[in-house]
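Residue numbers (the numbering used here), protein chains in the order written: chain A, 1 to 158; chain B, 159 to 912.
It is worth saying that the hints were derived from the structure and are not from the lab.
Incorrect hints may have been included.
[Said to hold, decoys possible] Per the computed footprint, the stretches of chain A lying under chain B, defined by three or more beta-carbons under 8 Å from a beta-carbon of chain B, are:
#1 72 to 81
#2 99 to 111
#3 131 to 139
Ideal Cβ positions, reconstructed from N, Cα and C, are used throughout, including at glycine.
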Amino acid sequence: MAGVAVSTTINGDHVEYLCQPDETLLDVLRDRLGLTGAKEGCGTGDCGACSIILDDRLVCSCLVLGAEAEGRRIETVEGMAHGEKLHPLQQKFLEHAALQCGICTPGFLIAAKDLLAKNPDPTEEEIRFGLAGNLCRCTGYDKIVRAVQDAANVMKGA
Amino acid sequence: MNFDPRYSGRNFSSVGTRPIRPDGVDKVTGRARYGADFNMAGQLVGRVLRSPHAHAIIRKIDTSKAEKLAGVKAVITAKDLPDLTDGDAGMYDILDNCMARAKALYDGHAVAAVAAVDARTARQALKLIAVDYEVLPHVTDVDEAMKHTAPLINDTIFTEGLEEKPVKPSNVTKRSQFGHGDVHQGFGHADFIVERSFKTEQTHQGYIEPHACVASVSSDGTADLWVCTQGHFVYRQHCAQLLGMEASKLRVTSSEIGGGFGGKTHVWAEPVALALSRKAGRPVKLVMTRDEVFRASGPTSATSIDVKIGARKDGTITAAEATLRYTSGPYAGTWAEIGAMTAFACYKLENVKTVGYEVLVNRPKTAAYRAPSAPMAAFAVESAVDELAKEVGIDPVEFRIRNAAQEGTRSSYGPVYGPIGIGPTLEAAKNHPHMKAPLKENQGRGMACGFWFNFGGQTCTDLNIGMDGSVSLAVGTVDVGGSRASLSLVAAEELGIDYSQVKAIVADTSSLGYNDMTDGSRGTFSSSMATISAARNAIKILRERAAQMWDISVDDVAWEQGHAVAKGDNHGNLGKLSLKEIAARSGTTGGPIAGHSELVADGAGVSFATHICDIEVDPETGFTKVIRYTVVQDAGKAVHPTYVEGQYQGGAAQGIGWALNEEYIYGKDGRLQNAGFLDYRIPVCSDLPMIDTQILEIPNPNHPYGVRGVGETSIVPPLAAIANAVSNAAGVRMTHIPMSPPRILAAIEAEREG
Ligand code: FES
Ligand code: FES
């Protein structure tokens, strides 16, 4: 199969790649571009470990084709921190120990970032439903919810 | 060197604090490397062909077409993994499970594998492999499999543990029995007896990271394996044995691990990846799909359990008996035996008897899942205990307190308990504000207790002090949930330095001596013991070096708060030497300073928990929601309390999923119907409330700081706690887990119809 040439923006950088027409964006990010922050937990849109933001929309990158990224804007977990400075969500996830194994963490961070962009002051229930597309098997979600609440407070104050 | 592991009371300065973990930043920035995040130059993609049949003879496998496909570099079948197990039945089962030999024994059983230049070619190649199956009758249900008429899964198996050696083969591989006293007599003294049968369905650990590895076998006979595992040393041994290698030539590096819960204690794909790499002469990356994870790895036992408990009017249990039948997949296991040991471990019983039956079925080989076998037994026993308390007319917490095991009690599985936490967790639960909170309509409160043994085991740790005074700690127990932070705290505590000066890593199999798996809640217990021992060995050297620097006898040098201090009247003006000062001079005082430790961590200290939960049942739909949940558990000593809470919360959440939703559903054809997260539904954020925790600290006498394992017990009580809450909310006694809406609705309707 002939490759598709794609030109896109990832975490603010212009990126070009060739991919197969049936290749997922998740595979492109992980296998072609070395951005392994997004994880594959299922490949079927059920776990959220592969979450990225595509033109301000939260998507499962395992359900998007690499070819569809042409001319779009992609944000991944690798783009959240500014140099040494962690994003408030990253900082609060660490402080609250909102990760145990951490495999779900990139997906949660991206989903939470999207949630807070749309709703800067969510209630506990809004956080719980906002993050219901992401699976975590380790934490029971308690500390994740608290970390997001705390980050929201910090970000409001900023 | 002599190491005294006994508990000695002390004031802690680092242990018990809550610093940020050393691997944290990498995990929130996406930099941490998990099983599938590693690549090697020239790497191929491996894929496994799996049986679509639950039970079938493999007549012939034709791989010739696949081999000819452009881009395919190796195709393997069982022939490429010959039997080198030398009569070791357990290893033979592992081998057969990695790659089916004469028969495919479950839907998803590996029959062949390929390595190709890319994933698409590998997938195509699988389609070109022709397997000639002779399909056999199958059995997946535990009770069905025990019948004489059931299809035999392995006709060389004759039930072990019977008084008379059986003459016919059977799907029951073993009978085991525990207990003491005379239950017949005990039931004779009972005023009330509850007798019930229970069933639980098979669940999966559900780790979010699928199994993944990269294997590279060189032509000189050495090999490297990068893998997500709970025990890289055990993986090395198993892989080396199955491939006929010397263990020292195989270096296994454990990646960051995306959840295991017992499920990453067994090799599956790793020997296959190594065999592919050996044949292809190139590195091979093998990553399971989620479908494969469900069909071929993991699951816990499905069970069928009968319980009978009797009590006097005053609430004393006079006798307790249980028969437990656990599936082990198509290979022999000891899962029912563990269930039979744990079933009544919370109680002080004069007469107790448990019998376990291990049952073969055409399902994947049962693997450990967090306190394996205990949650199902606790579900049955704690449900019956609740019912009995009601019949006697005593509050269920009070009833349990009256019968709780204590220090000196002979446990139902044999040993006599030391200081234990069952009584204190019950008292704490009784006094918890949760117990008094009001309930609304259709809501009910339930509680239940749980027990887990905890393990210790072989442990090897290195502690190296750099010339700048910073400390590297190399441990061999995989960090499944923050143990590098806990172990750094322990090193800092023992050395008397700041947490920030210690950096802990998990060393590979060639850099450190053997370590057992991170299982049995042993990670922090055993590696902290080894860390303390290593630190004490380092302190001895630090004192010697200080003595040398001062030119005094080492007997006059003590170690206090990170400093060598000269003792005795003659040395009043010598001041102190910090660890940093001593380290800086190490080059001229005898070279590098390090402490090593090799030990078998004994006396892990049993663990108990009591859970309280409130649920609301919708009587129209049978839908159940958990609205409040509290975990009370003994940690011995919480090294990093935030991660201890995390273990309590995570175990409770898994238990809630098991109680309400999760189950393997097999079709009549013996195929798994729900091999994905859409249909095998684990709890999501909006399903759960906050999970409150209360940590009790009843020191373990066999650990210098009193630490007990904390990882597993929290999954034991939830099944029963929720069943008891449902019973209180909806007036129905649920005897089949999961209590999915249709099951609850059916029970409510049956009750209405009376
Ligand atoms: S990998 Fe994309 S949702 Fe699970
Ligand atoms: S921290 Fe392990 S899955 Fe969320």
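Going down the list of hints, with the structure as the test:
no.	hint	result
1	72 to 81	holds (count 5)
2	99 to 111	holds (count 9)
3	131 to 139	holds (count 9)
Going through the hint list in order, the structure satisfies each hint without exception.
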